[in-house]
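Participant: Chain by chain, the residues run as shown.
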Amino acid sequence: MADNLSQPFDKSAMTEEEKRQVNKEIRKQIVVFALMIFLTIISFLAVGADIVPRSFAIPFILLLAVVQFALQLIFFMHLKDKDHGWATAFMISGIFITVPTIAALMLLIGVVKY
Amino acid sequence: MAGHVDTSKGLPSHPERATLEGKNKFLGFWFFLGGETILFATFFGTYLGLRNGIADGPSSQEMFHLPLVFIMTMLLLTSSLTSVLAMFAMKKNNFRAFKVWMWITVLLGLSFLGFEIYEFYEYVHQGFGFTTSAFSSSFYSLVGLHGAHVAFGLSWIIVLLIRYNKSGITLTNAPKFYVAGLYWHFIDVVWVFIFTVVYLMGVGGH
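Here the protein sequences come in this chain order: L and H.
At position 91 of the first sequence the residue is numbered 90 (numbering that gives the first Met the number 0), and the sequence of numbers has no breaks.
At position 115 of the second sequence the residue is numbered 114 (numbering that gives the first Met the number 0), and the sequence of numbers has no breaks.
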């Protein structure tokens with residue numbers, strides 16, 4: 000059986016139902032993409048056109064970045080799909096170390112106020 | 000290894016994870032991405048710590064040009080969508096559509112890289128070199144590290160596309176393309192934080 004690993008297939012084993020699911024999924028991804036573009040434009044406007052108060056702009060754009068980060072991971076990188084438990088675990092441990100790393104480096108260099 | 004994969008009806012609906020090798024690549028790559036997150040975190044932390052140390056050099060407000068960054072962001076976000084569409088074409092065993100979407104991804108990535116090279120070239124010309132200030136060093140390290148990832152990801156995808164140009168979607172190359180696609184999304188995710196933390200906070204965060 001091992002020889003068919005490098006054989007192309009003339010058809011997909013997907014059932015009609017699975018194909019419908021995939022098409023639904025594609026539409027969902029395009030909606031998510033539109034949402035990400037929208038968030039990007041908002042954050043550029045927030046800084047470039049001063050539509051939010053200066054003091055609030057940084058927490059605001061950071062929040063938008065975190066939302067985009069989540070959208071990318073969950074939808075584009077399929078973390079929401081079944082059997083992605085380990086992938087999620089690895090990514091969460093990465094983030095779990097990331098946040099203290101950034102905080103520690105900033106404090107180490109002496110930045111205490113933002 | 001393919002012994003327990005049923006290929007009699009055609010391409011399995013998850014070709015990237017149909018074989019044990021594919022499953023292992025998938026798992027190992029996510030492990031790697033968890034580590035990459037931490038690598039970038041150290042660069043981000045350094046940048047955030049040093050970004051006010053401009054010495055005699057120009058400040059971020061003087062250097063950064065938001066319209067350019069906006070175009071670069073749009074290019075990279077769109078390339079993330081096209082690589083998602085490529086993966087769906089792969090699942091449906093549509094090799095032609097898959098290749099078209101992948102090459103569009105590559106083109107968008109190349110134009111992003113072109114803009115970045117132009118940006119760095121301009122900055123250096125305006126007297127903002129790597130050793131100008133702590134701010135410039137940390138800026139070039141962080142953004143340059145990301146740019147190196149983009150260049151590496153592009154070469155990776157181009158090599159795969161040329162290598163498997165005529166082979167169709169198989170259980171051998173599907174995991175390879177899938178993992179390269181994950182890497183590409185990861186690059187995009189990092190860019191979201193770069194345009195927010197470096198460029199937008201650099202222009203509006205003082």
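Just so you know, not all the hints are guaranteed correct.
As the list claims (entries may be wrong) - Some chain H residues judged to face chain L by a derived CB distance under 10 Å, without partners named:
1) Leu26
2) Leu49
3) Asn92
4) Lys98
5) Ala147
As the list claims (entries may be wrong) - Pair ranges (Cβ atoms, derived):
6) L:Phe37 x H:Tyr117: 35 to 41 Å
7) L:Glu15 x H:Ala96: 16 to 22 Å
8) L:Pro7 x H:Ala54: 54 to 60 Å
To be verified - Covered by chain H, per the in silico footprint, the following chain L stretches (three or more residues, Cβ under 8 Å):
9) 13-26
10) 42-48
11) 59-67
12) 99-105
No lab work stands behind these hints, which were simulated from the structure alone.
On a predicted model such as this, the values are computed, not experimentally measured, just so you know.
The beta-carbon is built from N, C-alpha and C at its ideal position, and this holds for glycine as well.
Participant: Hint by hint, say whether it matches the structure.
Facilitator: Checked hints:
no. : hint                           : in the structure
1   : Leu26                          : holds, 6 Å
2   : Leu49                          : holds, 6 Å
3   : Asn92                          : holds, 4 Å
4   : Lys98                          : violated, 13 Å
5   : Ala147                         : violated, 19 Å
6   : L:Phe37 x H:Tyr117: 35 to 41 Å : violated, 27 Å
7   : L:Glu15 x H:Ala96: 16 to 22 Å  : holds, 19 Å
8   : L:Pro7 x H:Ala54: 54 to 60 Å   : holds, 59 Å
9   : 13-26                          : holds (count 6)
10  : 42-48                          : holds (count 5)
11  : 59-67                          : holds (count 5)
12  : 99-105                         : holds (count 6)
Of the hints listed earlier, those the structure fails to meet are numbers 4, 5, 6, in rising order.
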